[in-house]
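Colleague: Given next are the chains, with one letter for each unit.
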Amino acid sequence: MRLTFRSTATGFALAALMLGAAQVSHAADSPNPPADAKAFQKFFTDKFPEVKLDDFVNGPYSMDEGLYKQWKEKEEFPPYEFAVDAGKELFNKPFRNGKSFADCFPNKGIGIRQNYPYFDEKQGRVVTLELAVNQCLESNGEKPYSYTRDEMASVTAYMAFTSRGKPFDIKIPGDPRALEAYENGKRYFYTRRGQLNFSCATCHVQSPGNHIRAEVLAPALGILNAMPIYRSEWGGMGTTSRRFTSCNSQVRAEPLKPQDDEYRDLEYYLSYVSNGLPISGPGARP
Amino acid sequence: MRNSTMRAAALCALSTLLLAVATSARAAGSEADYKTAYAAAETANAEAGKLRNRWTTAVKALKDAKKAAEAGDFDKAIALSKNAETLSRAAIFQSNEQKEAWKEMEIK
Chain Y
1 MRLTFRSTAT GFALAALMLG AAQVSHAADS PNPPADAKAF QKFFTDKFPE
51 VKLDDFVNGP YSMDEGLYKQ WKEKEEFPPY EFAVDAGKEL FNKPFRNGKS
101 FADCFPNKGI GIRQNYPYFD EKQGRVVTLE LAVNQCLESN GEKPYSYTRD
151 EMASVTAYMA FTSRGKPFDI KIPGDPRALE AYENGKRYFY TRRGQLNFSC
201 ATCHVQSPGN HIRAEVLAPA LGILNAMPIY RSEWGGMGTT SRRFTSCNSQ
251 VRAEPLKPQD DEYRDLEYYL SYVSNGLPIS GPGARP
Chain P
1 MRNSTMRAAA LCALSTLLLA VATSARAAGS EADYKTAYAA AETANAEAGK
51 LRNRWTTAVK ALKDAKKAAE AGDFDKAIAL SKNAETLSRA AIFQSNEQKE
101 AWKEMEIK
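Which chain is which? The protein sequence lines are Y and P, in order.
Per the working numbering: the first sequence = residues 1 to 286.
Per the working numbering: the second sequence = residues 1 to 108.
Since the hints were derived computationally from the structure, they do not count as laboratory data.
A few of these clues could be false.
Said to hold, decoys possible - No more than 16 Å apart at the CA atoms, straight line, and that leaves these computed lysine to aspartate or glutamate pairs for EDC-like: (1) 63/P to 97/P; (2) 66/P to 42/P; (3) 38/Y to 106/P; (4) 67/P to 106/P; (5) 108/P to 150/Y; (6) 103/P to 36/Y.
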């Protein structure tokens with residue numbers, strides 16, 4: 001009888017232990033964006049203890065002293081200045097129906113870059129600033145811009161410029177689709193693709209500060225805070241869409257269409273984990 | 001002498017005929033082989049596309065294979081098609097392997 005009790009008690013204890021372990025394992029696998037963001041930021045501050053948290057938004061310049069000096073000098077006559085001026089003009093130019101961009105955005109579009117992308121529960125998808133700009137144009141009977149450069153880069157450059165210094169404040173609402181989009185973005189970020197078998201993280205988590213040919217790789221933390229950017233390599237301005245598609249091409253993966261679900265979800269994830277870091281866009285990069 | 005000349009002429013005509021038959025058979029075979037190789041490569045590349053992971057090198061090899069076939073260079077077209085298929089299969093393998101493997105790289 002005692003033996004039976006003992007074996008029953010042991011059985012219960014074992015079952016409880018297994019259940020506990022299963023719950024812990026489930027908890028560890030459950031999506032937890034705040035914990036992700038905390039771990040993400042800690043990873044970079046531990047890896048680069050000499051770089052202040054807010055300085056990560058300066059990309060490769062935060063990783064290399066020589067580049068940092070060059071950048072400081074470049075900022076006296078920044079190459080994105082023309083885009084900001086052109087963007088301001090486009091932003092304020094009335095549409096044919098008399099309305100303008102200011103009518104499409106909260107706070108008339110000024111100082112709001114830090115809130116994009118957001119999850120739109122009505123549309124059931126992530127809305128980036130670039131998508132919102134084109135939705136505004138189309139809803140007012142105007143032709144949408146190319147997602148990768150020119151007018152789109154100019155308008156978003158101006159909107160980022162009016163938001164400089166404001167910390168990223170990306171929210172994930174209770175809608176389960178928002179969490180799913182965040183998780184999809186995370187998966188895309190870490191998934192290897194293309195013939196070179198690289199993920200976004202291969203360059204921007206494992207190797208920031210290292211050279212890839214003549215380039216210094218930027219850390220993933222704060223990488224979108226500087227968007228859009230003037231890139232010397234491009235000889236002009238480019239948007240987040242341009243950055244994502246060109247990254248894919250560089251690893252020999254066929255790029256998706258700009259603003260496809262994967263790219264918007266990726267932007268959602270990467271922006272969320274940089275919450276609290278200031279908007280520094282538009283930026284300039286080598 | 002006359003007989004041997006006639007025999008030589010008949011042999012020459014026969015070898016020319018055989019060579020012509022062999023050449024035309026080889027060319028026809030090559031085109032068919034190309035079509036088979038290209039179809040296999042196209043199918044594999046479409047599958048990689050469904051997984052949202054087509055490799056630029058596979059896409060280019062497919063395009064170049066078509067160009068080579070249009071120019072009548074079936075040997076080159078077959079080689080390029082086979083290369084495109086190999087690359088596409090590697091892309092499919094990568095996508096399937098990464099369905100779980102991506103988690104190993106995640107910052108936790």
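Colleague: Run every hint past the structure and note whether it holds.
Modeller: Structure-based check of all given hints:
Annotation: proposed proximity of residue 63/P to residue 97/P is violated, straight-line Cα distance about 27 Å (limit 16 Å). Taking the CA atoms of residue 66/P and residue 42/P, the gap is near 11 Å; set against the 16 Å cutoff, the hint holds. For the suggested pair residue 38/Y and residue 106/P, the alpha carbons sit about 13 Å apart, so the restraint of at most 16 Å is met. Note on residue 67/P and residue 106/P: the hinted pairing is violated, with a Cα-Cα distance of about 42 Å set against a maximum of 16 Å.
Of the pairs offered as hints, the one joining residue 108/P and residue 150/Y is violated, with about 38 Å between alpha carbons and a cut-off of 16 Å exceeded. Between the alpha carbons of residue 103/P and residue 36/Y the distance comes to roughly 13 Å, so the proposed pair stays at or under 16 Å and holds.
When held up to the earlier numbered hints, the structure conflicts with 1, 4 and 5 and fits the remainder.
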